[in-house]
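Asker: Residue-level listing of the chains:
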Amino acid sequence: MNALPPLLQTRRLSVAIGARVFCRDLDLELCSGERLAILGRNGAGKSTLLSVLAGLRVPQQGEVLLKGGAYAELGPHRSALIRGWLPQSRGDAFASTVLETALVGRHPHLDRWGWESASDVRIVRAALAAVDLAEFEQRDIQTLSGGERQRLAIATLLAQQPELFLLDEPLAYLDLKHQIAMLELFSQTTRDGGSALVMVLHEPALAWRYCDRVLLVHGNGATECGPVREMLTAEKLSALYDYPMQTIEHEGQLCLIPQ
Amino acid sequence: MVLVALGSIVLALAVGSVRIPMGDVLSSLFNEQQTLSGEVVNSLRLPRALAGFACGGLLALSGALLQVLLRNPLADPYILGISGGAGVGAILAILFGLGVAGISGMSFVGALATMFVVFGLAHGDGSWTQTRLLLTGVIVAAGCGALVALILSLAPDHKLHGMLFWLMGDLSQATHPKLALGILAAVLLVAMPFARELNLLARGPDMAQALGVQVGRLRRAVYLVASLATAAAVTQAGSIGFIGMIVPHLVRLVVGNDQRVLLPVSALAGGSLLVVADTLARTLIAPQQLPVGVLTALIGVPAFLFLLARDSRLRR
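Residue numbers (our numbering), protein chains in the order written: chain A, 1 to 259; chain B, 1 to 316.
Hints listed in this document are in silico derivations from the structure and should not be mistaken for laboratory results. Fair warning: this is a prediction, and the values are worked out from it, not measured in the lab. Honestly, I wouldn't trust all of these hints.
Unchecked claim - A short, non-exhaustive set of chain A residues, derived as facing chain B with CB atoms under 7 Å:
| # | residue |
| --- | --- |
| 1 | Leu56 |
| 2 | Arg57 |
| 3 | Pro59 |
| 4 | Gln61 |
| 5 | Gly62 |
| 6 | Pro87 |
| 7 | His107 |
| 8 | Pro108 |
| 9 | Arg112 |
| 10 | Tyr241 |
| 11 | Tyr243 |
A virtual CB, placed ideally from N, CA and C, is assigned to each residue, including glycine.
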């Protein structure tokens, strides 16, 4: 049997803000190479759940384990070597170049007095090239468009080289071409690097194509988790989004038609 | 930058009511001979220049730290009400006729008191967000401003001059250069190991935490260090405006926003600027002295407006 603990594990996890309970008694296991999509309505608590999984927020009950260790045991530095988190929104108070911003992702790999070395810069340049920003190195981030800014955030995360990617709406602001390019990129990274992926998505069809499992967050505390084919049915999706839908399978892909 | 700093201090030593040639300045610094110029340089101008340098450096450093903490480029050391508290303390001391030590002591107590009040109130519900901290600080500063105005309006005329001078910043009472320089060095030493973590904090607390920074602890430490630096500077030199806001800005324009470079360069630049401003304050209409805070503001306001105008043009 596999002796290694799973990359991400939750035990009887309950997440709530005030009186609103987003998920109750969630047991989840994610091993390297696995890709999980989180789907749900606006305000259902997807991002809150993801930030609990990222250790940025304390759950009401239960625990989140990274490779068998709780965030409190690991401490922020060792956690940062294992999991990376892509925030949904970001504000830049100060001017900074694209290269400097992506170099921030190397922070967990440097010691207290360390400066970014040539190899760090190499890793960051490769990450920028992977998201199509190689030409933008010296641009000020405050002059970037929303989509470019989003790709820069993804490059920063890639430069961090975590084993577990937690992505909050990775496709926000991206055009169609870059949506597919980023999902391909993350799929490849999980496959080749033995990492795992959890992402909040709004496109069930893309979850079907790029994920193995889906977690449906209903917003009232109930969650369902299972393989994409069992979760992404017309019946379940209609209930999830509270809107009638039809699904069509076409050449292995899923199409959704809102009625 | 180190050369600029040294140059500004030497200039401050040479220029004054008794003009001393550069050569004599240097020789009197390194010789023990009891000449008149040696006396002027060593016991009058040197302590004042060094204390001024330390205060300028402390203010600039504290400004740079608070701009990161509040993620607000307009933050300065006084935005959290620390100088307001120090002002109330100092003016009360002058009102009750306490001496120099009393004024320093009271202003330090005032600064510490506001620091803890702002910290405690902002902590309130445990969230301690930058908006809450900023708002609390601004409100407490406004309250202190009102108290200062109240005391000024009640004070007898012959004490008003001293009070106004203190409020506008005045280095003539700065007599503990070693203490101030020591605090400046200590603050730099404490801040530098965390400089890269501060870079991350500037990009947002969640982002910093996800990348392995203990955000809560770091923010409390930055607040304490910046507040103590401000309190130390204000106690020595009164509330000298604009150094803390302008200097980190100017430095950021030149060297970028990497705190590992920004913090030490800001300290040197802030120190130099204050020493130059103080030299001007002593000499412009000598033998009368101008409050140095007026000069830093006179230099600072146009520089800042220029930066703002330039910045908005660049963004367009």
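Asker: List in ascending order the numbers of the hints, as given earlier, that are violated by the structure.
Answerer: Hint check: 2, 3, 4, 5, 10 and 11 fail, others pass.
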